[in-house]
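Here are the chains, one letter per residue:
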Amino acid sequence: MPDVKTYSYDVLVIGAGGAGLRAAIEAANSGVRTGVICKSLLGKAHTVMAEGGMAAAMANVDDRDNWRVHFSDTMRGGQYLNNWRMAELHAREAPDRARELEAWGALFDRTSDGRILQRNFGGHRYPRLAHVGDRTGLEMIRTLQDHGIHQGMDVHMECTVLSILMDGGRVAGAFGYERNNGEFVIWKAKAIVMATGGVGRAFKITSNSWEYSGDGQSLAYRAGADLMDMEFVQFHPTGMVWPPSVRGILVTEGVRGEGGILKNKDGHRFMFDDIPDLYKNQTSDSEEEGWRYVQGDKSARRPPELLTRDHVARCINREVKAGRGSPHGGVFLDIAWIKKYIPKAEDHIRKKLPSMYHQFKELAGIDITREPMEVGPTTHYIMGGIRVDGDSQMSTVPGLFAAGEVAAGLHGANRLGGNSLSDLLVFGKRAGEYAAEFARKNGQGAVDNGQVEAERARALAPLERGASGENPYAIQYELQEKMQELVGIVRVESEMKEAIEVVGRLKERAERAGVAGSRIYNGGWHAAMDLRNLLTVSEAIARCAVLRQESRGAQFREDFQSKDPEWAKYNLITRQDGGGMTVEKRPIPPMPDELKQIIEEMK
Amino acid sequence: MAGESQTYEIRVQRGGGAVSYSVVLAPRMTVLDALFIVQRTIDSTLAFRCACRVGMCGTCAVRINGRPGLACRTRPSELGRPAMDVAPLAHLPVIRDLVVSMEPFFAQWKRARPRFRPKQPEAAATAAIPPDSEFGLLAAGKRDCITCGVCFAACGVRTTSGEYLGPAAVNRALLRIADPRESGGPERLAVLNEERGGVWRCHTTFDCTEMCPKGIDLTDSIARLKRGLAARGRL
Numbered sequence: 001m002p003d004v005k006t007y008s009y010d011v012l013v014i015g016a017g018g019a020g021l022r023a024a025i026e027a028a029n030s031g032v033r034t035g036v037i038c039k040s041l042l043g044k045a046h047t048v049m050a051e052g053g054m055a056a057a058m059a060n061v062d063d064r065d066n067w068r069v070h071f072s073d074t075m076r077g078g079q080y081l082n083n084w085r086m087a088e089l090h091a092r093e094a095p096d097r098a099r100e101l102e103a104w105g106a107l108f109d110r111t112s113d114g115r116i117l118q119r120n121f122g123g124h125r126y127p128r129l130a131h132v133g134d135r136t137g138l139e140m141i142r143t144l145q146d147h148g149i150h151q152g153m154d155v156h157m158e159c160t161v162l163s164i165l166m167d168g169g170r171v172a173g174a175f176g177y178e179r180n181n182g183e184f185v186i187w188k189a190k191a192i193v194m195a196t197g198g199v200g201r202a203f204k205i206t207s208n209s210w211e212y213s214g215d216g217q218s219l220a221y222r223a224g225a226d227l228m229d230m231e232f233v234q235f236h237p238t239g240m241v242w243p244p245s246v247r248g249i250l251v252t253e254g255v256r257g258e259g260g261i262l263k264n265k266d267g268h269r270f271m272f273d274d275i276p277d278l279y280k281n282q283t284s285d286s287e288e289e290g291w292r293y294v295q296g297d298k299s300a301r302r303p304p305e306l307l308t309r310d311h312v313a314r315c316i317n318r319e320v321k322a323g324r325g326s327p328h329g330g331v332f333l334d335i336a337w338i339k340k341y342i343p344k345a346e347d348h349i350r351k352k353l354p355s356m357y358h359q360f361k362e363l364a365g366i367d368i369t370r371e372p373m374e375v376g377p378t379t380h381y382i383m384g385g386i387r388v389d390g391d392s393q394m395s396t397v398p399g400l401f402a403a404g405e406v407a408a409g410l411h412g413a414n415r416l417g418g419n420s421l422s423d424l425l426v427f428g429k430r431a432g433e434y435a436a437e438f439a440r441k442n443g444q445g446a447v448d449n450g451q452v453e454a455e456r457a458r459a460l461a462p463l464e465r466g467a468s469g470e471n472p473y474a475i476q477y478e479l480q481e482k483m484q485e486l487v488g489i490v491r492v493e494s495e496m497k498e499a500i501e502v503v504g505r506l507k508e509r510a511e512r513a514g515v516a517g518s519r520i521y522n523g524g525w526h527a528a529m530d531l532r533n534l535l536t537v538s539e540a541i542a543r544c545a546v547l548r549q550e551s552r553g554a555q556f557r558e559d560f561q562s563k564d565p566e567w568a569k570y571n572l573i574t575r576q577d578g579g580g581m582t583v584e585k586r587p588i589p590p591m592p593d594e595l596k597q598i599i600e601e602m603k
Numbered sequence: 001m002a003g004e005s006q007t008y009e010i011r012v013q014r015g016g017g018a019v020s021y022s023v024v025l026a027p028r029m030t031v032l033d034a035l036f037i038v039q040r041t042i043d044s045t046l047a048f049r050c051a052c053r054v055g056m057c058g059t060c061a062v063r064i065n066g067r068p069g070l071a072c073r074t075r076p077s078e079l080g081r082p083a084m085d086v087a088p089l090a091h092l093p094v095i096r097d098l099v100v101s102m103e104p105f106f107a108q109w110k111r112a113r114p115r116f117r118p119k120q121p122e123a124a125a126t127a128a129i130p131p132d133s134e135f136g137l138l139a140a141g142k143r144d145c146i147t148c149g150v151c152f153a154a155c156g157v158r159t160t161s162g163e164y165l166g167p168a169a170v171n172r173a174l175l176r177i178a179d180p181r182e183s184g185g186p187e188r189l190a191v192l193n194e195e196r197g198g199v200w201r202c203h204t205t206f207d208c209t210e211m212c213p214k215g216i217d218l219t220d221s222i223a224r225l226k227r228g229l230a231a232r233g234r235l
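So the sequence lines, in the order shown, correspond to chains A and B.
If you're matching positions, the first sequence starts at 1 in the working numbering and goes up one per residue.
If you're matching positions, the second sequence starts at 1 in the working numbering and goes up one per residue.
In isolation and in its complexed conformation, chain A is listed as follows (with noise of 0.2 Å):
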């Protein structure tokens, strides 16, 4: 074909991550042609964010711990919706993989008899989390960059993949472009793993990487795959608000544990306004109670900043649609009216916050000590994504393979922290290994010319249209304020309903969408591309979150409220059909008797 560059390998890994870098490192390993496609530069990705560790059940810290335990652990935590086989191999494989990092020259910190050190985490029964300081992605990536890099695997850094093609029912390769010249690019290939993360992108208030726009979920949608408990994303109750560049980066909860109080633009402590009946006799009703209650006396009842991340977040959202927010659509997090009770407040909370003080100093020149924050609910991680085979990963698209992020199982409703770098490695290496087994056992598909031409075509759209077409900034924007406001931490059918029906109106608007400029590095043409993706994410997770009629997990309904059994016996499953999208109920297959008398014993 003219003007399109062909790649061929037996192995294709879109994503660098940790589960990308692992699967690719894993697959040129066993002697398979591999070759590794990353939206940003290699080393850039998400990963690098992650701070809290890496859960694996090494028994270093506390010798009670074992695979049985962290197994038990997150079934609880993702409410009994997990692949079960997801989890008891993650369980059992973790301490391997963060052993074979150190192998690979990580450095986790130690314990000082030079040990692992693990630390505690929330819904963790153990200190489980190896970790390096609060940078643990970062070593992560370096390592496996490092590692990969004289491995022989082909990196293809700064492409966009527009499509996976298709010889009939399984895989043949990707269709994409090189951001860089805007060159258009077969990658040829007998297996794919897909390994490109979430989707915070879809919403305004995240913490995750402005990579992050659903891509991989919507490749493999539109290659026929089932996608899994898309309703499932977790918020966290305060993110940073301001400035816009930082919105969305978590802050974490030691700043309300150590007495930082909410307040609205009024100045006004609207948490002693909504305490739930439930927690009455555990919550103070007085600034004096709370305060004692944080200064360690155990007579003391808790302040009701520290009520549960749902509620917390519900009252932050209730302040701002109610026009009482902060000036960027937040509300105030002050810890430094401490002062009140301490001589000098200043110097406890930079030594009880030092990274909280940094992070705000650094980036948005706010010293905690004397000023408030602006904070509000973000969108943090989606547990939902490619539905995979759990031993394989392959998914329901024959060599089509998924891990990280953009696969679902692992964490059922709500995931650990932690959980998440060792899904990263734990499945990643098995993505690899398995999609090098097939690749192996399978030709190479035939590359189908008119699906080419077509996304060819459909990508070449925006640039002839040029600057009278839609703008897809405004697009994108309108779709994260809608996700936003409509789909977020809490959900109600009819804002729901409504949700879906703006995805509606901007899937036709993005189809005149329009940009200025060439193909050469054209961030607006990227924004255009990426639409497709953020849309379909976005609708699937209004979908299914209006089916499921109950809070469970990461989701909570206004419109109902409690948990239901009825509910807890199914996952949901998305596809496309025709040319619409369809989501029903698919009973979760029987756990064997091992897995549950170990869940039985752990309760």
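Only true hints are included.
Pairs of lysine-lysine, DSSO-like flavour, derived with a Cα cap of 30 Å: (1) K142/B - K361/A; (2) K265/A - K280/A; (3) K110/B - K188/A; (4) K142/B - K352/A; (5) K352/A - K265/A; (6) K214/B - K361/A; (7) K340/A - K265/A; (8) K351/A - K142/B; (9) K214/B - K352/A; (10) K110/B - K5/A; (11) K351/A - K214/B; (12) K226/B - K142/B; (13) K188/A - K441/A; (14) K352/A - K280/A; (15) K361/A - K344/A; (16) K585/A - K596/A.
Pairwise CB distance ranges, derived in the manner of DEER restraints: (17) G579/A - S161/B: 50 to 60 Å; (18) P589/A - Q120/B: 34 to 44 Å; (19) S392/A - K119/B: 29 to 39 Å; (20) Q282/A - D85/B: 54 to 64 Å; (21) P186/B - D389/A: 44 to 54 Å; (22) D85/B - K321/A: 37 to 47 Å.
Bear in mind the hints are in silico, worked out from the structure with no lab data behind them.
On a predicted model such as this, the values are computed, not experimentally measured, just so you know.
Ideal Cβ placement from N, Cα and C applies to all residues, glycine included.
For this one, chain A is given, so just place chain B on it according to the hints.
Structure of chain B alone, referenced to chain A:
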């Protein structure tokens, strides 16, 4: 919430010349915010890179008023005047506007043999490396490199020599050589010891250390290797 919005003139190097834009920035906005405002409201064809927004990925490095730095970590209000010049990083080929090819940087990184070569792979994870040991302390201060290329662009030697490894690659090599779990490797030392491309080209002007957004003392890393190589009689 002190302060008011202010109008800034941002002069962006685009191709042969500078193009001037006027943007209104609220207090605490960053150079990256300013670039987004230009791209989203004035000229959508302006090309620049960004990914994480918080100084962790090292994608948005540019030259601001002549100094290399991260756009996401630089605030116009702290530059002292209501105008700023933004240009692509030096010593790297320009692809378009502020986007440069990082190939020369990564090629040098690779030349420094960053791959870990353990003495005993199985034992690496159990090697006792207390945080206060020599390597524990060294690693803590030097392993935060985000491969942004700022040191590479700041380095005066790179102006005259395309062969020089540059500070980031040398720092990576040091972390490997100093690691007690590493088996070393004569090839890496030979590269560092090269007359034209190795550590001896460094003139110790501290530009890399001064500009590094992660505060890594790169000049010290280079000096340590010079001392080490000298002690071995330059191999």
